[in-house]
Amino acid sequence: MLKIVNTEWKLFLREPSAVVFAVLFPTILLLVLGAIPALRTPDPTFGNLRFIDAYVSTLVVIALAFLGLNKLPATVATYREKGVLRRFSTTPVHPARLLIAQVVVNLLAGVISIVLLMLVGRLVFDIDLPHHPLGFLATCLLGMLSLSALGLLVAAWAPNARSAGGWSTVAFMLVMFFGGAYLPRFLMPEFLIRVGEYLPPGVGALQESWLGIAPDPVQLAVLALITLAAGTVAAKSFRWE
Amino acid sequence: MAIIEVVDLVKRYDQKVAVDGVSFAVDEGEIFGILGPNGAGKTTTVECVEGLRSPDGGTIRVDGLDPQRDRARLRTRLGVQLQQSELPDRIRVGEALDLYASFYRDPADWRELLARLGLADRAKTEYRKLSGGQKQRVSIALALIGKPKVAVLDELTTGLDPQARRDTWSLVEQIRDAGVTVVLVTHFMEEAERLCDRIALIDAGRLVAVDSPAGLVSRVDGEQRVRFRPTTPFDVVLLEELPEVSQVEKHGPQLVVTGTGNLLHAVTSVLARNQIVAADLRVEQADLDDAFIRLTGRALTE
Chain A
0 MLKIVNTEWK LFLREPSAVV FAVLFPTILL LVLGAIPALR TPDPTFGNLR
50 FIDAYVSTLV VIALAFLGLN KLPATVATYR EKGVLRRFST TPVHPARLLI
100 AQVVVNLLAG VISIVLLMLV GRLVFDIDLP HHPLGFLATC LLGMLSLSAL
150 GLLVAAWAPN ARSAGGWSTV AFMLVMFFGG AYLPRFLMPE FLIRVGEYLP
200 PGVGALQESW LGIAPDPVQL AVLALITLAA GTVAAKSFRW E
Chain B
0 MAIIEVVDLV KRYDQKVAVD GVSFAVDEGE IFGILGPNGA GKTTTVECVE
50 GLRSPDGGTI RVDGLDPQRD RARLRTRLGV QLQQSELPDR IRVGEALDLY
100 ASFYRDPADW RELLARLGLA DRAKTEYRKL SGGQKQRVSI ALALIGKPKV
150 AVLDELTTGL DPQARRDTWS LVEQIRDAGV TVVLVTHFME EAERLCDRIA
200 LIDAGRLVAV DSPAGLVSRV DGEQRVRFRP TTPFDVVLLE ELPEVSQVEK
250 HGPQLVVTGT GNLLHAVTSV LARNQIVAAD LRVEQADLDD AFIRLTGRAL
300 TE
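So the sequences go chain by chain: A and B.
Under numbering that gives the first Met the number 0, the letters of the first sequence match residues 0 to 240, in that order.
Under numbering that gives the first Met the number 0, the letters of the second sequence match residues 0 to 301, in that order.
For the record, the hints were derived by calculation from the structure and aren't laboratory data.
By construction, the Cβ of each residue, glycine as well, lies at the ideal position given by its N, Cα and C atoms.
Just so you know, not all the hints are guaranteed correct.
Claimed, not checked - Among the chain B residues that face chain A by a calculated CB cut under 7 Å, a handful are:
| id | residue |
| --- | --- |
| 1 | 79 |
| 2 | 84 |
| 3 | 85 |
| 4 | 87 |
| 5 | 89 |
| 6 | 94 |
| 7 | 101 |
| 8 | 167 |
| 9 | 168 |
| 10 | 169 |
| 11 | 170 |
Sequences are here, hints too, so could you generate the full structure?
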């Protein structure tokens, strides 16, 4: 199993676009936004926080959404289309291990991406590290898992790699929108903010645990529920060829 | 001794019967061919043998194992080269072999295996940069990495150029010489004739015959073809009237006369009497293609 993870990790690193987008992009975006003076000036309307303080949780959403909803279904659907999964099923090792390895690789990449983001945020812009580390960790983990489960669901249902790409782009855009990537969340109507809180990866809980309070257990429970439901349906309906 | 036994195998997809009561036995140490046109049910048959599909009827034993019930044990004894199965683009050949070797308790030495397959200098090459023939050899290497007793090779040489195809054939002979029983699925008559000790002819899901290539050909023996280009047009009835001739076909400027007995003498005599010169004259003996046509009523290659 370790060898499969190791191999998949090497393959991930050889895909320049994936590495740039999942690992480096959130930090690059932080550097770009932070370069704009207005965005790093404390604003009394958000309790003397700066735009970038509130936006880091959205940057986490971008990394997680890309890994779970873009890279994962694309890789899995391609492996199915190219017969990689089928070849696995002729060996003593079940092809499900290849999918588990993908999720592990995603977790690793997510951790590196978020750690990099926190370090650069702390060192360059003096953004505090998450005030509630445990809550933050739990939300990140559940967020990643729930998005991965949705990604696998896309891979399970899409007839081929091309439509998997299409479907996952739609899901990716939705998650990005509700995560505040396009329109900062404080500009959204109350209703949209609420939806975003329960939609993976739980941007509300990310933001709360970053800014200091424990994440709402109901939001975390919803993420866990989505993980379980999507994961079960994906596992039941997955086609290996 | 039979290492694979298939008895009355039936497999349906929805309402369509893909394999309809096929039976054969593969002896240990032979190259056994499964030959038939595209869509005849060859791949479905071997997929049932490999345990990738569950049969709707009949029994299969591979080295004493039931491919459905003993899947796990079968995997360690059966190496499979699948039709159209690729690897991730950026995986290196050595990494792929090392990874697949880790799936088996007692794998072959993959470096030695690569050397044997003429890929020693490709261990660090990414899969996407290999030629078609090299990809096919990697696929064979992966089928052999677990030191199987039986290797199933499905459409091994489809899409390869003639040179790569010949190289691959000698590899298959090497595999057999190393003591591995080989099941070779193909729709190339020439490949089956050259490599196989015995062949199962399959057409439209049914087994037509199992025999050695020579044995199959001998079923249509005595039949020959005379092929030539007449320099002046003439009425082919002159030939059709001959007792030795069974059929006269026109292929462009060429005539193909099929028949038995002293066919060549009979044909040339008629031509000489009518002052017709036969250019590019050739005599062809029956081959597997003819055997297939005789046994199924249609041509193997479209």
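Tested hints:
1. Proximity of residue 79 of chain B to chain A holds as hinted, the smallest CB-CB distance being about 4 Å (cut-off 7 Å).
2. Interface restraint check: residue 84 of chain B against chain A, minimum CB-CB distance 3 Å, threshold 7 Å, status holds.
3. At a threshold of 7 Å, the smallest CB-CB gap from residue 85 of chain B to chain A is about 4 Å, leaving the interface hint in force.
4. With its C-beta approaching chain A no nearer than about 6 Å, residue 87 of chain B sits inside the 7 Å limit, and its interface hint holds.
5. This hint holds: residue 89 of chain B has a C-beta 4 Å from the nearest C-beta of chain A, less than the 7 Å allowed.
6. With 7 Å as the threshold, the beta carbon of residue 94 of chain B comes within range of chain A, its nearest partner Cβ sitting at about 6 Å, so the hint holds.
7. Nearest Cβ of chain A to the Cβ of residue 101 of chain B: about 5 Å, under the 7 Å cut. The hint holds.
8. Here the hint on residue 167 of chain B is broken, as its CB sits about 18 Å from the closest CB of chain A, past 7 Å.
9. The criterion of a C-beta within 7 Å of any C-beta in chain A is not met by residue 168 of chain B, whose closest approach is roughly 23 Å, and the hint is violated.
10. Hint on residue 169 of chain B is violated. Least Cβ distance to chain A is approximately 24 Å, over the 7 Å limit.
11. The beta carbon of residue 170 of chain B comes no nearer than 19 Å to any beta carbon in chain A, farther than 7 Å, and the hint placing it at the interface is violated.
Hints 8, 9, 10, 11 from the list above are not met by this structure, while the remaining hints are.
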